[in-house]
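Trainee: Sequence:
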Amino acid sequence: MNLVHTMRGLPGVSRLAVRVSSSHRVRVRNAELQHPTRHGTPASAPHPHSAPPPIPASTSRASSSSVVCRTASANAHAFVVDDEDLADTTKLRLDAYLAQKITDASTSRARLQATIKEGKVTVNGKPLKKPSYAVRVGDAVACTILPPAPLRADPEDIPLDIVYEDDHVIVIDKSADMVMHPSPGHCSGTMVNALLYHCGIAEGIPISDDLDPSAGGSLESMRAATQKGVGADGCDEDSDDDDDPDNGTASGIVTAHNSGNVRPGIVHRLDKGTTGLVVVAKTDVAHRALSEQFKDRTIDRTYLSITLGVPKPPAGRVVTNIGRDFRDRKKMASFEYACTRGKPAASNYQVLETLGMSQCALVSWKLETGRTHQIRVHAKHMRHPLLNDDAYSGTEAAALRLIGQGKSLRIATAHKVLQALGDRPALHAHVLGFSHPTTGESLRFTRDPPEDFETALDTLRGIGGAGEGS
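For the record, in the sequence shown the residue sitting at position 236 is 789 according to the working numbering, with numbers rising by one throughout.
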């Protein structure tokens, strides 16, 4: 079956693009289709002045803004280049075009380039091995993405700040310099390496760079798999939430694949620079129970941040869609709520304290959903990005301008604040609560921010004292 078609002759239709993805559903969109709701508010959309409704615990992915045909292979894709793809440029490389279209975080630009060079990409039916090829309107592009390079996780004697541990779960206070699990560029020194050692799993295990969540897997099954010399059994399954570095998702301690490779994961994850509480499943029973709690959004999660500027009103609810930033695939972006891009995301915030003569604020966040970089994206959306968050507008220059106010002493103080935080955003996972996976007991843990965060707070509190106003 030809997976790319151009349909002409239909009323209002000039081009139809088809993309292969991981489901059998077919979703169709034509950029030039004359539809009565295209320039108005769709009947199903909320009134622009009404409060967005609660986000349901299970939300399906918003309909795509491009024509999509999904198949069983998540690595096979097909597109037709249209005018919209070239709207902002006169020349678009083939690898850059595919990077715009294939927006899952696990498919890097380097992986796309390798796929092209291996002859796994065709343009108008012919294999093309030049990543620099300039695509043209009407080009039919099809590809099968190469699988990620195999990785390996070995046990390492790395100290962990363990807040709570029993036979089923471990709660850890993560430091700012610790990556959660191995990935290209971080093959050692991660929390997974430390957990393998802590739990007595003596042999290293093969892991996958695949970010898909899994239905099963725990430290228990990881130990059994290494004893047998094979990967843990399991299959991929869709997760309600994104596989989320900043906010909780149901990914489990091991993602298992039929190939025998497994990726040690965590029940939920934090970015390298984010500090605070994470929970790890030690048994399969614990993994399944905790995964369900994250999926049902019954986990209690509170974060603390320092924002540039003071959000107004001082307490509120931010609701947008969040999806991959098409200009930078490593970042996320906010889109209009209930639109066709991204997935719904809701965050509740409260200003706890104004800082730096009202130029910054200590803000508490409670999440209704768990999208990638959700707090950071919503803070930027409010025009109050997190302090020292270069990826989302909380840059050094912005901090010096806002905190310094052009005054030498205040600028020097702002430098001290940034130096205290180093290269990380001012974000800390403060509270983590869940029901124990076997006893049902309600567990709730609180961990104060680390020294760097507290130093930044105290320094900001000192602005406005004797000599600081000049």
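Source of the hints: derived by calculation from the structure; they are not laboratory data.
Among the clues, some could well be false.
Listed below are the simulated DSS-like cross-link pairs for lysine-lysine, each with C-alpha atoms no more than 27 Å apart in a straight line [said to hold, decoys possible]:
id, residue 1, residue 2
1, Lys919, Lys960
2, Lys883, Lys673
3, Lys654, Lys683
4, Lys896, Lys654
5, Lys919, Lys884
6, Lys825, Lys919
7, Lys848, Lys883
8, Lys865, Lys919
9, Lys884, Lys960
10, Lys673, Lys683
11, Lys644, Lys682
12, Lys969, Lys896
13, Lys865, Lys848
14, Lys919, Lys848
15, Lys644, Lys825
16, Lys673, Lys654
17, Lys960, Lys896
18, Lys883, Lys682
19, Lys670, Lys682
20, Lys654, Lys644
21, Lys654, Lys865
22, Lys670, Lys683
23, Lys884, Lys896
24, Lys654, Lys679
Trainee: What hint numbers does the structure not satisfy?
Mentor: 1, 9, 12, 13, 15, 17, 21
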